[in-house]
Amino acid sequence: MAKTPEPKRTISLKPCDGDVIEVSPMIAKQMQTIQSFIEDDSFIATTTIIPLPNVTAFQLSKIIDYLNYHSNSKAVADNVKESTKKFDEEFLKELEHDKLKELLHAANYLNVKEVLDFLCQAVADLIQDKSVKFVRKFFGVVNDYSVEEEEDIRRTHAWAFEGVEED
Amino acid sequence: MEEKSMKFDPLPEGCIALILSRTTPIDTCNLSLVSTEFYSASKSDVSFQLDKKSGKKCYMLGARALSIAWGDTHCYWEWTNMPDSRFFEVAKLKIVCWLEIRGVLNTNALSPNTHYVAYFVFKMINSYGFNICLVELSIDIFGDQISNKNVCLNLNAEEEPDYDFEEEEIMDLRERMQGLQLPNVRSDGWLEIEIENFFNSGLEDKEVLMSVMEIKIGHSKKGLIIEGIEVRPKDAN
Chain G
315 MAKTPEPKRT ISLKPCDGDV IEVSPMIAKQ MQTIQSFIED DSFIATTTII
365 PLPNVTAFQL SKIIDYLNYH SNSKAVADNV KESTKKFDEE FLKELEHDKL
415 KELLHAANYL NVKEVLDFLC QAVADLIQDK SVKFVRKFFG VVNDYSVEEE
465 EDIRRTHAWA FEGVEED
Chain V
135 MEEKSMKFDP LPEGCIALIL SRTTPIDTCN LSLVSTEFYS ASKSDVSFQL
185 DKKSGKKCYM LGARALSIAW GDTHCYWEWT NMPDSRFFEV AKLKIVCWLE
235 IRGVLNTNAL SPNTHYVAYF VFKMINSYGF NICLVELSID IFGDQISNKN
285 VCLNLNAEEE PDYDFEEEEI MDLRERMQGL QLPNVRSDGW LEIEIENFFN
335 SGLEDKEVLM SVMEIKIGHS KKGLIIEGIE VRPKDAN
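Just so you know, the protein sequences line up as chains G and V, in that order.
To convert, take the position in the first sequence, counting from 1, and add 314; that gives this note's numbering.
To convert, take the position in the second sequence, counting from 1, and add 134; that gives this note's numbering.
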């Protein structure tokens, strides 16, 4: 009987800088944006290289690291919880604020829910109890309220601003 | 002034809404002052948290994320903000006869391999009509599990006046109300009543449809304030 050749089992992703990165279909499946490429009729796993002009090699490999670790540690007993927690902490420790925001952009672009959830929680923890001024600086946004609009919000939600430090 | 972080594109509003939904209600409200984009992101109608003990996902569909019959008709429902709500707005029942509230959640938003419980979270202020009111709570997990039951939403049923009924009808309804499940008081001051529990295997995406209805007696009802529907792991605090 003729032996069919082993089909190529990885998906090729090309970040905006650096070389092509191969990922398993299971990892690619978690990136919704990639999924829509794969489902396209013109997609051929053996030859197609998916270009990711909005994602750097660093961001892509961080996201793949996270997904790899978490998919391997899934469905395993409780004693893995501690090491997962440690992995998550280490993962964040290596990211400066700017890198964290960039990674959030990349996760949002690739639409990879698990990483997006994780990073949003990390940012939420960072801005918890922080002043409006800190948060503006953190996100790089400017105050685009008129004086009247700002007053209006302060008045409507006066209860929330009691005891909050004025900027 | 040049800020170092200015060189990055701003995060999309959807991302900011996701982040804000993971902070406290006070933070969300305070941070709505950051910019107009943060303001609209702060009006997110779904709240997400991780259960402190198990690390599993908890979701709350705020009143705005629910479909409420007549909800946008001002003479029936009013949208207002309350200091102890985690959402920008809550729904306050002015008066309706037809009470119908529905919420939908996809199981892919929840943690796999987890037993969940869905709760209706609300308050009663100057309520009327709920002392003789069999409210039907139901859940339908697409194709899997369908259940419904009658409950009493008013913890202090005897304090409400009865106007709409004949003496005999009241006696009959009172009898049927006997022994019905009652709400519990939450640590945040709201009331909650269990709709149903279900197991999320996480093997496939399913829609969980939850509803709170009273359309059978069809008398006037007032004073219900809806925070939302919360779905959290069974052993969560």
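It is worth saying that the hints were derived from the structure and are not from the lab.
These numbers come from a predicted model, not from an experiment.
One should not assume that every hint holds.
Simulated pairs of lysine-lysine, DSSO-like, Cα-Cα distance not exceeding 27 Å [stated by the list, open to error]: (1) Lys187(V) x Lys427(G); (2) Lys177(V) x Lys451(G); (3) Lys356(V) x Lys395(G); (4) Lys399(G) x Lys368(V); (5) Lys400(G) x Lys191(V); (6) Lys368(V) x Lys191(V); (7) Lys427(G) x Lys228(V); (8) Lys395(G) x Lys350(V); (9) Lys186(V) x Lys350(V); (10) Lys444(G) x Lys186(V); (11) Lys427(G) x Lys407(G); (12) Lys407(G) x Lys447(G); (13) Lys340(V) x Lys368(V); (14) Lys191(V) x Lys413(G); (15) Lys395(G) x Lys407(G); (16) Lys187(V) x Lys407(G); (17) Lys257(V) x Lys427(G); (18) Lys400(G) x Lys187(V); (19) Lys191(V) x Lys399(G); (20) Lys191(V) x Lys395(G); (21) Lys407(G) x Lys226(V); (22) Lys191(V) x Lys444(G); (23) Lys427(G) x Lys350(V); (24) Lys368(V) x Lys228(V); (25) Lys343(G) x Lys400(G); (26) Lys186(V) x Lys400(G); (27) Lys368(V) x Lys427(G); (28) Lys444(G) x Lys187(V); (29) Lys343(G) x Lys191(V); (30) Lys257(V) x Lys191(V); (31) Lys350(V) x Lys257(V).
Restraint-style ranges between C-beta atoms, simulated for each label pair [stated by the list, open to error]: (32) Asp412(G) x Thr214(V): 33 to 43 Å; (33) Asp306(V) x Glu463(G): 23 to 33 Å; (34) Asn290(V) x Asp439(G): 35 to 45 Å; (35) Thr362(G) x Asn247(V): 47 to 57 Å; (36) Asp355(G) x Pro246(V): 45 to 55 Å.
Every residue, glycine too, gets a C-beta built ideally from N, C-alpha and C.
For each hint, the structure was consulted:
1. A C-alpha spacing of about 22 Å is found between Lys187(V) and Lys427(G), which places the hinted pair at or below 27 Å, so the restraint holds.
2. Our distance criterion of 27 Å between C-alpha atoms is met by Lys177(V) and Lys451(G), whose separation comes to about 22 Å.
3. A hinted pair counts as satisfied when its Cα atoms are at most 27 Å apart, and Lys356(V) with Lys395(G) does not qualify at roughly 47 Å.
4. Distance hint between Lys399(G) and Lys368(V) is fulfilled; the C-alpha atoms sit about 22 Å from each other, no more than 27 Å.
5. Proposed proximity of Lys400(G) and Lys191(V) is supported: the alpha carbons are some 19 Å apart, at most 27 Å.
6. A hinted pair counts as satisfied when its Cα atoms are at most 27 Å apart, and Lys368(V) with Lys191(V) qualifies at roughly 11 Å.
7. With a CA separation close to 39 Å, the supplied pair Lys427(G) and Lys228(V) exceeds the 27 Å bound.
8. This hinted pair does not check out: Lys395(G) and Lys350(V) have alpha carbons roughly 49 Å apart, beyond 27 Å.
9. As the CA atoms of Lys186(V) and Lys350(V) are separated by approximately 40 Å, the hinted pair breaks the 27 Å bound.
10. Taken as a hint, the Lys444(G) and Lys186(V) pair is honoured in the structure, with Cα atoms around 21 Å apart against an allowance of 27 Å.
11. For a cut-off of 27 Å, the pair hint linking Lys427(G) to Lys407(G) stands: about 21 Å separates their Cα positions.
12. Restraint check for Lys407(G) and Lys447(G): satisfied, since their Cα atoms lie roughly 24 Å apart, inside the 27 Å limit.
13. Distance check on the hinted pair: Lys340(V) and Lys368(V) sit about 19 Å apart at the alpha-carbon level, within 27 Å; holds.
14. Using a Cα cut-off of 27 Å, the hinted pair Lys191(V) and Lys413(G) holds, with the two alpha carbons roughly 26 Å apart.
15. For the proposed pair Lys395(G) and Lys407(G), the alpha carbon gap of about 18 Å is at most 27 Å, so the pair holds.
16. Restraint check for Lys187(V) and Lys407(G): the C-alpha separation of about 23 Å stays at or below 27 Å, so the hint holds.
17. Simply put, Lys257(V) and Lys427(G) have alpha-carbon atoms about 33 Å apart, too far for the 27 Å limit, and the pair is violated.
18. The suggested pairing of Lys400(G) with Lys187(V) holds, with an alpha-carbon distance near 16 Å, which does not exceed 27 Å.
19. Straight-line distance between C-alpha atoms of Lys191(V) and Lys399(G) comes to about 15 Å, which keeps the hinted pair within the 27 Å bound.
20. Of the supplied pair hints, the one linking Lys191(V) and Lys395(G) holds, its CA atoms being roughly 15 Å apart against a limit of 27 Å.
21. A distance of roughly 45 Å separates the Cα atoms of Lys407(G) and Lys226(V); the hinted pair therefore is violated under the 27 Å criterion.
22. Among the hinted pairs, Lys191(V) with Lys444(G) is consistent with the structure: their alpha-carbon atoms are about 24 Å apart, no more than 27 Å.
23. Distance restraint check for Lys427(G) and Lys350(V): the Cα-Cα separation of roughly 42 Å exceeds the 27 Å cut-off, and the hinted pair is therefore not satisfied.
24. The suggested pairing of Lys368(V) with Lys228(V) is violated, with an alpha-carbon distance near 33 Å, which exceeds 27 Å.
25. Pair hint Lys343(G) plus Lys400(G) holds up; C-alpha atoms about 25 Å apart against a cutoff of 27 Å.
26. Using a Cα cut-off of 27 Å, the hinted pair Lys186(V) and Lys400(G) holds, with the two alpha carbons roughly 16 Å apart.
27. A C-alpha spacing of about 24 Å is found between Lys368(V) and Lys427(G), which places the hinted pair at or below 27 Å, so the restraint holds.
28. With a C-alpha separation of about 25 Å, the suggested pair Lys444(G) and Lys187(V) falls inside the 27 Å cut-off, and the hint holds.
29. Between Lys343(G) and Lys191(V), the direct Cα distance comes to roughly 21 Å. Compliance with the 27 Å bound is thereby established for this hinted pair.
30. Distance check on the hinted pair: Lys257(V) and Lys191(V) sit about 24 Å apart at the alpha-carbon level, within 27 Å; holds.
31. In summary, the hint linking Lys350(V) to Lys257(V) is supported, as the alpha carbons are separated by about 22 Å, within the 27 Å threshold.
32. About 40 Å separates the C-beta atoms of Asp412(G) and Thr214(V), a value consistent with the hinted range of 33 to 43 Å.
33. Against the hinted window of 23 to 33 Å, the Cβ-Cβ separation of Asp306(V) and Glu463(G) comes to about 55 Å, which falls outside the hint.
34. The supplied range of 35 to 45 Å is met by Asn290(V) and Asp439(G), whose beta-carbon atoms lie about 39 Å from each other.
35. Judged by the Cβ atoms, the range 47 to 57 Å given for Thr362(G) and Asn247(V) is violated: they are separated by roughly 35 Å.
36. Look at Asp355(G) against Pro246(V): about 31 Å separates their beta carbons, and that is not inside 45 to 55 Å.
Checked against the numbered hints above, the structure breaks hints 3, 7, 8, 9, 17, 21, 23, 24, 33, 35, 36 and satisfies the rest.
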